[in-house]
Each structure stands twice: as C-alpha cells, then as structure tokens.
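Chains as they are written, first to last, in UniProt numbering: chain A, 1 to 331; chain B, 1 to 331.
If you are wondering where the hints come from, they were derived from the structure by calculation, not from laboratory data.
Any given hint might turn out to be false.
One copy or two, either will do: identical chains are not told apart, so a pair holds if it fits within one copy or between any two.
[Stated by the list, open to error] Simulated crosslink set (EDC-like; lysine to aspartate or glutamate; CA at most 16 angstroms straight-line):
(1) 12 with 249
(2) 12 with 109
(3) 216 with 31
(4) 216 with 291
(5) 157 with 123
(6) 12 with 95
(7) 12 with 262
(8) 146 with 188
(9) 261 with 13
(10) 72 with 283
(11) 157 with 305
As the structure is a computational prediction, the values presented were derived from the model and not from experiment.
Protein chains: 2
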Amino acid sequence: MDPSTLPLPPMKDLTVDNITENAIAMNSLCEDPRMKYVLERLVTHLHDFARETRLSTNEWMQGLLFLTEVGKICSDVRQEFILLSDILGLSILVDSIDHPKPPNSAATEGTVLGPFHTHDASELPAGSTMSADPNGQPLLVVCSVKDTAGNPLPGIKVDVWETDSSGHYDVQYAGREGPDGRCILRTDEQGTLWFRAITPVPYPIPHDGPVGRLLKALRRHPYRPSHMHFLMQGSGFEELVTALYLRNDPYETTDAVFGVKDSLVVDIERAGPEYATKYNVPEDHALLRYDFVLVSEAETTALRERNSKIALDKLGMKVRMVGGLPVPDLD
Amino acid sequence: MDPSTLPLPPMKDLTVDNITENAIAMNSLCEDPRMKYVLERLVTHLHDFARETRLSTNEWMQGLLFLTEVGKICSDVRQEFILLSDILGLSILVDSIDHPKPPNSAATEGTVLGPFHTHDASELPAGSTMSADPNGQPLLVVCSVKDTAGNPLPGIKVDVWETDSSGHYDVQYAGREGPDGRCILRTDEQGTLWFRAITPVPYPIPHDGPVGRLLKALRRHPYRPSHMHFLMQGSGFEELVTALYLRNDPYETTDAVFGVKDSLVVDIERAGPEYATKYNVPEDHALLRYDFVLVSEAETTALRERNSKIALDKLGMKVRMVGGLPVPDLD
C-alpha cells in the first residue's frame with residue numbers, strides 16, 4: 001500500500017481540539033459501517049473523557065496498568081472485564097438497550113446475565129431437584145410463562161441457575177465434576193414450570209482482584225442480594241435474561257451490579273395446603289411463585305429500531321438499520 | 001458494614017435513562033475527590049457510548065474479549081494497552097493536555113513518548129556514538145536547548161532513543177544484553193548537545209496482536225514515520241517529551257499514532273565545511289540540527305489551571321485544583 005494515496009487529510013499538527021475529528025477520519029476507511037460508527041462514538045467519548053478530566057500522563061498510565069491487570073487475571077473460569085462492566089453499570093445498561101420491553105406492558109423485565117451461566121446444564125423433567133447442596137433450605141419453585149396477551153406458552157426452554165448455600169456457583173469450585181445448582185426445564189402444556197431448588201443467599205462478586213480493589217477505593221461493598229437466574233427461549237419470542245430477587249435482603253437496594261428491579265422482587269412464601277397436596281411437600285415448605293411474560297421477537301425488533309431512531313436523532317443523525325443495529329444514514 | 005445505613009438512593013429499577021446518575025451516586029462515597037471526578041466522567045461517557053451506539057450484548061462481549069486479549073499479550077517488554085491508546089489518538093491527546101505549550105511562543109512542541117523508553121540508558125559524554133548498528137547511516141546530531149526568552153540552558157538532562165537500521169528498538173530483541181540506540185546526555189555551558197547516531201528509519205508498531213488486527217479491520221497501516229525520541233529534564237522546567245521526524249518520509253502524513261507535528265519535521269542536511277571541521281566528520285556526513293525551547297514549570301502549571309477552568313466551565317462546573325489537577329468545586 002502506498003500511504004500517500006490514502007484518501008485522508010494529512011495527519012499532522014494534531015492538537016487537543018482537532019485530534020478527535022482526525023482520528024475518526026483515520027478510521028473512516030473501514031468497510032464495515034457498524035464498526036465504523038461504533039469506533040466513531042468510542043473515539044469521541046474516549047477523547048471527551050480525557051479533555052473533561054484533563055487526564056494526566058500518570059493517571060493515563062495508572063488506567064492502562066489497571067486494565068492490563070484486569071486482562072491478566074481473566075481465565076477460563078473468571079472474566080474480570082465482565083465484573084468491571086457490571087460494577088460500572090454498563091452491563092445492566094447494555095441489557096436494557098438490547099432487550100427493550102414494551103412500555104406499560106406486562107412483559108417481565110430483564111436483568112444482568114452475570115458471568116456464571118454455563119452451557120452444560122442437564123435438561124431435567126418437571127419437579128426435579130436442581131441443587132445437591134444438603135445445607136440449603138429446600139425451596140419449591142412454581143412459575144407460569146405467558147405471552148403479553150396472557151396466553152400460556154408451552155415448550156419454552158428455561159435455564160435456571162443459582163449458588164449453593166455458601167454463596168458459590170458450581171464453577172467457582174476447583175474440583176467441579178459437573179453442573180450443580182443449574183438445570184434446563186421446559187414449560188408444560190399449561191405454560192407451567194416447577195422444580196425444587198434451595199432458597200438463594202447473598203454473595204460477594206469475586207473481589208480479590210483489581211475490580212475488588214477498585215470497589216474498595218470507591219468505598220463500595222461487593223455483594224449481590226439473594227437471587228435466582230432465569231434464561232428463557234422460545235420460537236418467535238425474544239430471549240429473556242432475568243432473575244428473581246428476595247425481598248428484604250440486606251443488599252436489596254445496594255446491589256454491586258445494579259440488577260434489582262421491583263417487579264422482580266419476590267417473597268418466599270409457605271406452601272400451604274393447596275401447594276402441599278399438589279406438589280407433595282410439607283405445608284410449611286418454602287415456596288417461590290412467579291408469572292413470567294415473554295415479548296415477541298417482532299415487537300422487540302420494532303422497539304429497537306424506534307429506540308435507535310430516537311438516540312441518533314439526538315446526535316443529529318438519520319438512522320439506517322444494519323443487521324438489527326443502527327448506523328448513520330449518510331444519503 | 002451495614003449496607004442499609006449507606007447514604008445512597010435505593011439502587012433499584014435502573015433503566016437506560018437513570019442508570020448513569022445512580023452509578024455515579026454509588027461511586028460518590030469515594031473519599032478521593034479527583035478519583036471521584038474521573039470516575040464520574042468515565043461512567044458518563046461509557047454509558048453515553050452504549051446509548052448512542054445501541055450497543056448489543058454480542059458487541060459488548062466482543063469488546064470485553066478484545067480487551068482481555070489486549071491484557072493477556074502484555075509482558076515486561078510489550079504494552080499492548082499503550083499501543084491501543086496510541087492508535088486511537090488518546091496518547092497524543094493526553095500528552096497535549098498534560099504538557100500545554102504557551103500559545104504563540106517558541107516552545108518546542110511535545111509528542112507521544114511511546115512504549116520504548118527505558119530507564120537503563122548510559123550517560124555519555126558529548127560527541128559519543130549512541131548506536132552500535134554497523135548498517136545504519138551515520139548521523140551527526142547537533143542541537144541547542146534554550147528557554148522561551150532565548151537563554152541557553154546548560155546542564156539539561158536529555159534522554160535520546162531510536163531504532164536500529166531495521167526499525168527495531170533494542171528492547172525488541174530477545175537476547176538484549178544492555179542498552180543500544182539510546183543514551184543520556186547533558187547540555188554544555190552553551191546549552192549545546194551533540195552526539196553521533198544513525199539516520200532514523202520508518203517502522204511498524206507491533207501488529208501481530210489484537211491491536212494489529214484492529215488496524216487491519218479499520219484498513220489502517222501500522223507504520224510510524226522515521227523519527228528520533230528526546231526527553232528533556234531540567235530544574236524549574238517542564239519535562240519535554242518530543243521527537244524529531246524526517247521530512248518526506250512515506251508515512252509523514254499518516255503516522256499510525258498521530259505523533260507528527262510540522263514544527264518537529266526536520267531535513268537531514270550534509271555537514272559541510274564548518275561542521276566537518278568543528279565535529280571532525282567528512283563534509284558529506286549526514287547532519288541533523290534542531291533548536292529546542294523548554295517552558296518553565298510555573299508557566300506550565302498556570303496554563304494547566306487555565307485550561308482546566310475552560311474545560312470544566314463547558315460542563316457548567318466551577319473548578320478547584322487538587323495536586324495540579326481539576327475537580328469540581330462544589331462550594
């Protein structure tokens with residue numbers, strides 16, 4: 001390549017005030033319109049961040065060394081960059097952007113996936129026990145899954161995962177031999193889902209690394225309130241990544257990763273005579289009930305496009321959708 | 001710590017529109033006012049970036065995995081996060097912010113330090129040869145160092161470093177036994193600096209890692225134009241990090257790291273009779289001449305404060321300087 005033939009302005013004499021437009025020009029030969037747009041916004045915000053803070057060379061180097069350490073501690077069973085994204089509120093934001101819910105609908109709200117979902121859980125029949133932990137409080141979980149019109153949804157694939165009674169996921173144990181505290185279930189003809197689990201407990205996110213140090217410097221605790229994760233998939237429906245949180249957990253209003261939503265907070269009830277008989281548990285057995293509502297893919301796609309238009313309109317750009325994601329329409 | 005006693009709003013029901021203010025509130029108990037301000041701007045721009053791009057979960061994960069890879073490839077002799085900062089224009093921006101030059105002064109402009117400066121170069125007497133490379137074109141370098149009023153500055157400590165004739169710094173060789181292509185000199189009583197080097201050549205930044213892949217996806221070349229680095233330190237003067245670039249280099253106007261400034265572009269001359277006699281070289285020997293001008297620390301500090309006021313004023317904030325860096329003045 002002869003660099004003198006590149007259709008670019010001369011990259012010289014770059015200053016605090018003109019570096020951004022020039023860096024964007026330098027990236028403008030990228031042939032992927034989505035990547036080009038993402039890089040344009042990335043460079044703009046990265047530079048504005050430095051200009052608005054008057055970032056010093058020392059701070060810049062501290063930041064780069066911090067990011068290096070975050071990368072170094074990542075392994076097959078630890079993703080420190082996800083943790084960093086979680087505690088900065090980026091993960092819940094991206095989830096909210098990517099999985100918009102129709103306003104004023106009954107649609108179940110989403111929340112952070114977290115780093116502990118795996119793809120090796122076993123598919124179990126209804127009523128199965130998904131936790132082998134003898135120290136957990138046995139919990140009967142009975143849920144329904146419907147569409148926004150209230151029709152029950154049979155055959156929905158549901159991933160469920162939770163920690164053991166000590167607050168650790170199975171993947172956090174060095175000697176893990178197979179999945180525990182996780183399973184895959186399918187809703188029955190009535191759209192019902194039921195299984196046996198243990199009552200969730202609060203736990204700290206891994207905080208012995210650079211993210212833990214950052215939390216400490218910010219005087220923040222690393223705890224997540226007690227919760228159980230759900231991931232639901234069904235043909236024609238937008239994937240639902242959510243979790244149910246226990247009411248009155250000590251960390252209910254200061255979740256380290258910003259995941260709690262009031263509509264996802266539940267009470268642990270007692271089974272009572274009806275559930276005791278129907279599900280063959282003692283009357284004083286702990287019970288968690290919830291009615292999930294899924295949104296159609298078509299409705300979600302339309303919502304994403306509408307939200308993209310609003311966001312790019314604020315930047316004075318017309319929008320064109322490419323692969324379901326916005327790029328500026330330059331025509 | 002009892003989390004219910006934290007002076008924070010309840011962190012629940014966080015949406016695309018309210019997550020930013022809440023994440024900032026969650027970080028607001030930090031006792032370091034500078035860190036708190038930097039985090040506030042970081043969270044704001046990180047979130048605006050996601051909102052303006054409608055960042056998808058897939059793209060978010062791709063980004064995190066890219067950063068993980070950048071961290072993983074870093075070693076004692078390779079800093080891929082600096083490279084990433086360099087090619088995004090952040091490094092030259094931070095340098096310009098941190099080392100402001102008085103407008104309309106003769107002050108020598110700064111440029112990127114780069115990742116190849118070391119602290120083990122030997123202090124050599126004037127006239128020394130700083131490159132052992134037999135294949136390089138021998139170059140006589142004769143410079144002056146003055147203050148902005150034109151007074152010669154004796155005793156200035158000057159770090160110089162350059163690649164060998166193949167475009168590699170000494171630290172890029174696995175079998176490196178000691179410094180080569182680098183030295184420390186001091187200006188003499190007349191503020192003069194002279195030494196023997198080799199004529200710089202263009203070279204690619206390391207591009208066999210994730211940053212190289214990014215450059216390729218952006219259809220950018222990884223080359224830097226021929227240059228020689230200088231770092232100057234003297235009591236009472238602001239440290240000068242700069243470099244001299246060769247005119248008409250093929251990469252002069254498309255430097256992969258945005259470092260070239262017209263005032264730093266020089267011609268390689270012939271020594272001619274006067275320099276040949278004075279410095280004992282043949283008349284047709286290559287010669288590089290430059291007059292450096294340093295700015296006082298006091299002037300730089302005043303400029304930083306002035307620039308900080310302007311930047312925070314744009315955000316509607318009054319400014320207070322802490323350790324030479326701005327934080328919002330909330331009184």
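A quick look at each hint next to the structure:
Proximity of residue 12 and residue 249 under a CA criterion of 16 angstroms is satisfied inter-copy only: 13 angstroms between copies versus 57 angstroms inside one chain copy. For the identical chains of this complex, residue 12 and residue 109 are inter-copy neighbours only, at 12 angstroms across copies versus 50 angstroms inside a copy, given an alpha-carbon limit of 16 angstroms. Taking the shortest Cα distances, residue 216 and residue 31 sit within 16 angstroms of each other only across copies (11 angstroms), while inside one copy they are farther apart (43 angstroms). In this assembly of identical chains, the alpha carbons of residue 216 and residue 291 never lie at most 16 angstroms apart, being 38 angstroms within a copy and 49 angstroms across copies at closest.
With identical chains, the CA atoms of residue 157 and residue 123 are at most 16 angstroms apart within one copy only, with a shortest distance of 9 angstroms there and 70 angstroms across copies. Taking CA atoms no more than 16 angstroms apart as the test, residue 12 paired with residue 95 passes between copies only; the shortest distance there is 15 angstroms, against 40 angstroms inside one copy. With identical chains, the CA atoms of residue 12 and residue 262 are at most 16 angstroms apart between copies only, with a shortest distance of 7 angstroms across copies and 54 angstroms within one. For a Cα distance limit of 16 angstroms, the shortest separation of residue 146 from residue 188 inside one copy, 12 angstroms, qualifies, whereas the shortest one across copies, 84 angstroms, does not.
In this assembly of identical chains, the alpha carbons of residue 261 and residue 13 lie at most 16 angstroms apart only when taken from different copies (4 angstroms versus 50 angstroms within one copy). Taking the shortest Cα distances, residue 72 and residue 283 never come within 16 angstroms of each other, neither inside one copy (51 angstroms) nor across copies (54 angstroms). Proximity of residue 157 to residue 305 under the C-alpha cut-off of 16 angstroms is found in neither arrangement, the shortest distances being 27 angstroms within a copy and 59 angstroms between copies.
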